[in-house]
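Number of protein chains: 2
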Amino acid sequence: MMIQIAILGFGVVGSGVAEVLEGNRRVIEKNIGKTVAVKRILDLRDFPDSPFGSLVTHDFEEILSDPDISIVAEMMGGSHPAYDFTKAALEAGKSVVTSNKEVVANFGAELLKIAAAHGVRYLFEASVGGGIPIIRPMINDLSANEILTVNGILNGTTNYILTQMIESGTSFADALSDAQKKGYAEANPAADVEGLDAARKIVILAALSFGKLLDPKKIACEGITKLTGEDAAVAKALGCSVKLIAHTEKANGKILATVAPCLVPACNPLSEVADVFNGILVNANMVGEVMFYGKGAGKLPTASAVVADILDIVTHADKKPRDLVWEPACENDYADEADYRTAFCFSFANTANAAQLAALPSVRTAKAAGRVALLTPPMTRKEVDAILDANGAKPLSILRVL
Amino acid sequence: MMIQIAILGFGVVGSGVAEVLEGNRRVIEKNIGKTVAVKRILDLRDFPDSPFGSLVTHDFEEILSDPDISIVAEMMGGSHPAYDFTKAALEAGKSVVTSNKEVVANFGAELLKIAAAHGVRYLFEASVGGGIPIIRPMINDLSANEILTVNGILNGTTNYILTQMIESGTSFADALSDAQKKGYAEANPAADVEGLDAARKIVILAALSFGKLLDPKKIACEGITKLTGEDAAVAKALGCSVKLIAHTEKANGKILATVAPCLVPACNPLSEVADVFNGILVNANMVGEVMFYGKGAGKLPTASAVVADILDIVTHADKKPRDLVWEPACENDYADEADYRTAFCFSFANTANAAQLAALPSVRTAKAAGRVALLTPPMTRKEVDAILDANGAKPLSILRVL
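Read top to bottom, the protein sequences are chains D and A.
According to this note's numbering, the first sequence holds residues 905 to 1306 in order.
According to this note's numbering, the second sequence holds residues 905 to 1306 in order.
Treat the hints as calculated values from the structure; they're not laboratory data.
A portion of the hints provided could be inaccurate.
Copies of the same chain look alike in the list, so a pair counts if it fits in one copy or across any two.
Said to hold, decoys possible - Derived DSBU-like pairs (lysine-lysine); straight-line CA-CA distance at most 35 Å: (1) K938 to K1271; (2) K1122 to K934; (3) K1158 to K938; (4) K943 to K1154; (5) K1116 to K1223; (6) K1017 to K938; (7) K1154 to K1086; (8) K934 to K1158; (9) K934 to K1121; (10) K1224 to K1086; (11) K938 to K1130; (12) K938 to K1154; (13) K934 to K1116; (14) K1271 to K1223; (15) K934 to K1154; (16) K943 to K1298; (17) K1085 to K938; (18) K1224 to K934; (19) K1122 to K1158; (20) K1286 to K938; (21) K1203 to K1223; (22) K1140 to K1223; (23) K1121 to K1086; (24) K943 to K991; (25) K1140 to K1271.
Extracted from the complex, chain D is given alone in its bound form:
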């Protein structure tokens, strides 16, 4: 039996999907008992040298009106027209799979509802963690659990930069430039280094955990652009890594989701997730901590997750599983980041007033790179601000500790 699909966007991931389906055709037939073939590829460009070049169309209507195409794989990136094409495909009774975290994070609640109403599916395993299985395991394998927290290193570009900064003492600017040369960072790296990419991914994981889709633009989101070599040196002296941590938890009925550079102690498995790798640590009430680790980006790993979604749809073609329901979050669903309780690391010039520093709450101190740093006991940002205000000491940097 032959299943025919369309690919929207023949860039890195889109062409990877065609390659996975073709290159692993025999494995796939063995695993699911059916053949999946690409019938049409939508792109603005032509690909005369590609073996798939003859499948290219510039007209989405050709895909939409083709009754042979039951599944659409959207890998265009950006909100529009990706969202519009997704909606149209779902309304036309086609299932859609995507790697597009921007569309899932912004429109996922609506698109899931449309999919359910039309008896089709909207799957997005590749939108978080590239090829790492995380979305489906959270739905299927942690189904007996209440999710308590998720902490993730969800952006490979920033993790590469931070690994360089902490291991080689490279400055942020040099590490970024190195990442760009190696193809790990884009020419315009803003969405990565300012945290928006991670913010989109953590709102997806928060929606899976708590059923409400937050707006990624409304959560507390800090990137890594202000981190200095001194911050990295201080972290190292304290036995910690520095990681861009995306965090979510439910607090007093509200949902907290944050993205911020954090010190990660060596005992936390996320501290060892280096270079372009991603790691997602889920804490659930029965299973405890489980971590998912792998390459968070890249052509074939991401395509592997997209194709897993396609095969999931094919496997359950006769009877689709229960629909996922996400509600869009309202103002009242957002927890205040200032109430989030963690340890903090304050870092001062080593010329700072010693008596003043001694009066601050501290469980550990270290000196490095002309800095003196202290780790506080767990407290909220509100408490931090009140204490520093009363004490008068002015840290050069304040970072949370995971």
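Could you slot chain A onto chain D? The hints should help.
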């Protein structure tokens, strides 16, 4: 809608399943839209003080003949009568879920066939890695991949002992005694420390990867009982951990599965899997390396995986997914461990003949604990034996390097 199940064996995991179903009843109802209740519990003992005590029966026939019971959760341990009850339940049209790796590893091929023939399911997520999602992700999320290798730390007891030996310089005997005091090792620790537990788990992962079920007693299996403090010190000096590694790969159409203590370099994410944690590193042809990490044992984590299987069956009650097919392996399917190519670590007394050692192939050397050790380039055990035979040097220990 109410789904009724029976629990076979009300020990640690069995009572954990009842606790998870009861304690997370609301989460489960939200996630799958149905209620799952325990109707009967089979055990030789009575549990007058348990809230589930009134459900206990000593007669399996009562469960087998009860048409209300559609799912049986087998947590008895051991091959018999667990296998016999599983077979009877499947033949009576009941799906079975289990945490019993001994039954899956010894009888999985036959039981899957019986389940398929009777239109029911046999699931065993909890048989490997306790609560860590690994079985279902390998089936569903890596479905577009050809599995190349699996390397796992699959036994928490031995990993705890090895962590003590390498971090605190404890002897094997002392670390084992400590593990027994803490409840991590059983009074009779043979199945753990001699590697049989890990062997059962790796043949399950090999069957998932390659479709053939090997006999755990027929694979090359070495435990940790011969490891010394000197081995641990030498590994540390070489920048490695020592881990009991279960490995499988396909080689020239045959299946290799081994369990042996190995040096694991710091760059391998398995090197950081410490204490009672498990980690499973899967290398697949499209996704590359992905790792699954968490607690490999324990009451509630393991029960969480058993209940995930129950909920999988409930979710797909109307239409079960494609059956998993395993063939029992024949003699010709077993690859010879002596052909498996890795680096090796040779460890000698530091009084050994220097000229002789200098003549051995080596990419790195280190000294520690009165030993001199060298790392070889990748070679097979057959080549190792030939080289040592020709050279005449007699290592005190020979360990593979992952």
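Hints, one by one, checked against the model:
For a Cα distance limit of 35 Å, the shortest separation of K938 from K1271 qualifies neither inside one copy, at 62 Å, nor across copies, at 57 Å. Taking the closest pair of Cα atoms, K1122 and K934 come within 35 Å of each other only across two copies (27 Å); inside a single copy the shortest separation is 45 Å, beyond that limit. With identical chains, the CA atoms of K1158 and K938 are at most 35 Å apart between copies only, with a shortest distance of 26 Å across copies and 44 Å within one. Taking the closest pair of Cα atoms, K943 and K1154 come within 35 Å of each other only across two copies (33 Å); inside a single copy the shortest separation is 44 Å, beyond that limit.
In the homo-oligomer, the alpha carbons of K1116 and K1223 lie at most 35 Å apart both inside one protomer (26 Å) and across protomers (29 Å), since each shortest distance falls under that limit. In this homomeric assembly, K1017 and K938 come within 35 Å of each other (Cα to Cα) both inside a single copy, at 28 Å, and across copies, at 21 Å. Taking CA atoms no more than 35 Å apart as the test, K1154 paired with K1086 passes between copies only; the shortest distance there is 33 Å, against 38 Å inside one copy. With identical chains, the CA atoms of K934 and K1158 are at most 35 Å apart between copies only, with a shortest distance of 18 Å across copies and 45 Å within one.
In this assembly of identical chains, the alpha carbons of K934 and K1121 lie at most 35 Å apart only when taken from different copies (28 Å versus 43 Å within one copy). When the C-alpha separation of K1224 and K1086 is checked against a cutoff of 35 Å, the pair qualifies neither within a copy, at 42 Å, nor between copies, at 46 Å. Proximity of K938 and K1130 under a CA criterion of 35 Å is satisfied in neither setting, with 51 Å inside one chain copy and 49 Å between copies. In the homo-oligomer, the alpha carbons of K938 and K1154 lie at most 35 Å apart only across protomers (24 Å), although the nearest pairing inside one protomer, at 42 Å, exceeds that limit.
In this homomeric assembly, K934 and K1116 come within 35 Å of each other (Cα to Cα) only across copies, at 14 Å, whereas the closest approach inside a single copy is 38 Å. In the homo-oligomer, the alpha carbons of K1271 and K1223 never lie at most 35 Å apart, since the shortest distance is 61 Å inside one protomer and 63 Å across protomers. Within a single copy, K934 and K1154 get their C-alpha atoms only as close as 42 Å, which misses the 35 Å cut-off; across copies the closest is 16 Å, which meets it. Taking the closest pair of Cα atoms, K943 and K1298 never come within 35 Å of each other, the shortest separation being 62 Å inside a single copy and 63 Å across copies.
Proximity of K1085 and K938 under a CA criterion of 35 Å is satisfied in neither setting, with 41 Å inside one chain copy and 53 Å between copies. For the identical chains of this complex, K1224 and K934 are neighbours both inside a copy (21 Å) and across copies (18 Å), given an alpha-carbon limit of 35 Å. Proximity of K1122 to K1158 under the C-alpha cut-off of 35 Å is restricted to the intra-copy arrangement: shortest distance 14 Å within a copy versus 54 Å between copies. For a Cα distance limit of 35 Å, the shortest separation of K1286 from K938 qualifies neither inside one copy, at 57 Å, nor across copies, at 42 Å.
When the C-alpha separation of K1203 and K1223 is checked against a cutoff of 35 Å, the pair qualifies both within a copy, at 31 Å, and between copies, at 34 Å. Proximity of K1140 and K1223 under a CA criterion of 35 Å is satisfied in neither setting, with 53 Å inside one chain copy and 54 Å between copies. In this assembly of identical chains, K1121 and K1086 lie within 35 Å of each other by CA distance solely inside one copy; the values are 29 Å within and 47 Å between copies. In this homomeric assembly, K943 and K991 come within 35 Å of each other (Cα to Cα) only inside a single copy, at 20 Å, whereas the closest approach across copies is 45 Å.
Both within a single protomer and between protomers do K1140 and K1271 lie at most 35 Å apart by alpha-carbon distance, with minima of 10 Å and 28 Å respectively.
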